[in-house]
Amino acid sequence: MAGLEKRVLVACGTAIATATVVAQKVKDIAKEAGVPVQVVQCKAAEVRGRISTFNPDFIVATTPLPKDLGIPVFNGVAFLSGIGMDDLKAKIIAQLKGEE
Amino acid sequence: MTDNRPEAKRDQSEARHHWINEDLVIIPMQANSAEEAIAQLGARLEAAGRVKATWAQAAIEREKTFATGLPTPEVGVAIPHTDVDHVLQEAIAVGVLQEPVAFGEMGNPDNTVPVKIVCALAVAQSELLVTLLQQLVEMFQNPGVLTAIANAQTPSEIVELFEHHIQI
Chain A
5 MAGLEKRVLV ACGTAIATAT VVAQKVKDIA KEAGVPVQVV QCKAAEVRGR ISTFNPDFIV
65 ATTPLPKDLG IPVFNGVAFL SGIGMDDLKA KIIAQLKGEE
Chain B
29 MTDNRPEAKR DQSEARHHWI NEDLVIIPMQ ANSAEEAIAQ LGARLEAAGR VKATWAQAAI
89 EREKTFATGL PTPEVGVAIP HTDVDHVLQE AIAVGVLQEP VAFGEMGNPD NTVPVKIVCA
149 LAVAQSELLV TLLQQLVEMF QNPGVLTAIA NAQTPSEIVE LFEHHIQI
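As you go down the protein sequences, you meet chains A and B in turn. For what it's worth, the numbering used here labels the leading residue of the first sequence as 5, then goes sequentially. For what it's worth, the numbering used here labels the leading residue of the second sequence as 29, then goes sequentially.
Warning: the hint list may mix true and false statements.
[What the hints assert, rightly or not] To spell it out: a stretch of chain A is covered by chain B in this simulated footprint if at least three of its residues, at any positions, have a beta carbon under 8 Å from a beta carbon of chain B; those stretches are:
| id | region |
| --- | --- |
| 1 | 22-35 |
| 2 | 59-70 |
| 3 | 74-87 |
Hints listed in this document are in silico derivations from the structure and should not be mistaken for laboratory results. Beta carbons: idealized from backbone N, C-alpha and C, even for Gly.
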């Protein structure tokens with residue numbers, strides 16, 4: 005399915021701040037990996053609604069989310085702290101490229 | 029030497045906002061908990077006219093729900109902040125704790141982070157918080173910067189480090 009656009013939802017707590025930082029990182033990674041991507045940000049409380057309307061392939065969050073969302077959720081805090089950033093980047097690239 | 033270089037010009041501009049000054053730095057800071065640390069920095073921000081009296085309690089409450097501790101390769105950092113309604117003028121207050129205190133880890137509340145550097149962020153516009161956060165994250169990931177902050181001997185060293193990295 006090369007060339008198919010991936011949809012990524014980025015969620016944070018209340019403000020839009022950390023989600024914006026993480027969303028930019030995800031866009032940069034997708035560009036580097038050559039995968040077209042659409043990134044949408046939301047607040048944690050809006051996640052379920054956005055899953056049904058936006059239908060994301062996966063979520064990157066900087067705040068805890070319910071475990072039963074049915075799609076992969078990655079902790080995006082590594083992009084803020086720098087710890088585990090390479091590992092997270094590798095996981096996101098694998099998701100973007102669809103590793104089935 | 030063209031005129032259409034707003035970024036380059038802005039660095040030299042007198043209008044550049046000063047996010048931090050020596051009155052907004054506490055070293056060494058003594059606190060037994062995250063709440064105490066936030067309250068001390070909130071008091072400095074309030075005394076400097078940067079936040080309303082409600083800021084500290086609001087930031088303490090927000091920290092309980094949305095923790096801001098960040099484990100970094102060098103020194104644990106926390107960036108407590110709260111709604112723009114409590115802010116009068118943009119500022120960063122920084123405390124370097126003599127002994128680290130536990131902050132909840134951002135995005136992972138079951139964990140705590142031993143935090144030595146607390147950066148209280150007072151931001152009156154949410155768009156500005158985004159830019160500030162981007163620059164702070166880059167600053168924190170710049171090798172040696174957090175160690176330099178943790179080892180600073182005077183408030184002016186810390187002011188210089190932030191003035192160098194925060195260019196908004």
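Evaluated hints:
1. 22-35: n = 4 at 8 Å, threshold three: holds.
2. 59-70: holds (count 4)
3. 74-87: Coverage by chain B holds for the region 74-87 of chain A (8 residues, Cβ < 8 Å).
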